[in-house]
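Engineer: So for the sequence shown, my numbering puts the first residue at 1; every next one is plus one.
Errors might be hidden in some of the hints.
[Said to hold, decoys possible] Simulated crosslink set (EDC-like; lysine to aspartate or glutamate; CA at most 20 Å straight-line):
#, residue 1, residue 2
1, 10, 197
2, 316, 237
3, 10, 203
4, 353, 203
5, 10, 36
6, 116, 380
7, 10, 179
8, 376, 361
9, 316, 380
10, 10, 184
11, 116, 150
12, 376, 327
13, 116, 362
Hints listed in this document are in silico derivations from the structure and should not be mistaken for laboratory results.
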Amino acid sequence: MNNVNPLPGKASIIIVGAGIQGLSLAFNLAELGVRDILVLDAGYWQGGASGRNGTLIRGAFSSPEWTRFFAHSCHLWQGLSKRLGENVMYSRRGYTMVGERSATAALLVRTLEVHKACGITSSLLTPARLREVLPALAHGRVSAALHLPDSGVAPHHAAMYAYRQACAARGVDIRYRTEVTAIDQSAGRVSGVRVGEHWIASDTVVLAGGAESNRLAQLAGVPLEGYPMRLEAMALEPTRPLIGPAVALLDRLCYMHQTARGEVVGGAEVAERPQHTLNADVPVMAATARAYLEMFPQLGHARILRQWAGLVHISKDFGPLLGAHQDLAGLFVSAGWCYGHAGAPAAGEFLAKAIVSGEVDERMRPFAVNRFECNKPVVEPGIVLSHFE
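Required output: the full structure, derived from the provided sequences and hints.
Structural biologist: Right under this line is the structure:
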């Protein structure tokens, strides 16, 4: 990070947002030979959602569009430590999608077919196999469980540090506590950004500001679908190993995993909770605790160790908004991320390629920024989020 030297007067590419999306993009641009990359962030190191998430890496979903994208990202996670030269601490422990209702069981059956068509390794667990994979689960409540053996978890602090070090080694200029106050344009294309009174010229600007995405789009004078949304998580006091893989309780909008220290980390979604605050929210903690207790009864004695919240930017279909903005040449977007930690390696690779060569990868194409204007939303029923507006 460089907040000592004066800001430059120009940059080849300016990325607004230095979370995992912005750093992954900067790294991939540098790998493609781009120099004079400048990354600006109004906040502090890991102050946004990239330092406030559940760290789960899920390599497949229920739609072919999401599955192809996140399967590639999961594959990149497995080799990311070697590529970045730092340990991202990726743990290939598996990920199990659990359904309690019959309708959810039917969804998981259809999901398995999607995975087969996409060449993804997954399986519907028999009752006996489920007891081996998740012995502490309340098996009588489960209608179906689909297991992804290649998925897992990666601590956000390790991943962010690795990306930052890799960017610094490649000459990327990263500035925290540096707020972009204006995004300028000339003759129908972006021309640079302003930090207070200081102007930085660039004909390529990327918005990767997480929950600030709508405000940044307004600075550029362009529309952007979506809105900020609060996500929460909590950690229980350490206990003996109970949960091997990461788990998504689809019917409860709940997710969790157990860390190497024995803490169970996860969260659940509930309606009518505050949207734009990072303060503790008792109803969400209660909903998460209830899901834990009912689905993993042995956690009943555990105390809540800590709780946190983070703000993300949510699109209408929960999918990312990734690529060139249709209304302003030279402006690119990486927003709409509710699974931004898991998707960062693929997003950085695909978007960097699109910026440098103009080539849009087929796995990125469904998540175009203007897909709602084109009436092409991506329906993904296998996520653990819901709109509450």
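Engineer: State for each hint whether it applies.
Structural biologist: Status of each hint after checking the structure:
1. 10 - 197: Given that 20 Å is the threshold and the Cα spacing comes to 14 Å, the pair holds.
2. 316 - 237: violated, 36 Å
3. 10 - 203: holds, 9 Å
4. 353 - 203: holds, 17 Å
5. 10 - 36: Within the cut-off at roughly 8 Å; holds.
6. 116 - 380: holds, 17 Å
7. 10 - 179: Holds, at roughly 16 Å.
8. 376 - 361: holds, 17 Å
9. 316 - 380: Holds. Residue 316 to residue 380 sits at ~11 Å (cutoff 20 Å).
10. 10 - 184: Between residue 10 and residue 184 the Cα gap is close to 13 Å, so the pair holds against 20 Å.
11. 116 - 150: Holds. Residue 116 to residue 150 sits at ~14 Å (cutoff 20 Å).
12. 376 - 327: holds, 18 Å
13. 116 - 362: With a Cα-Cα distance of about 19 Å, the restraint between residue 116 and residue 362 holds, given a limit of 20 Å.
Violated hint for the displayed structure: number 2, the only one.
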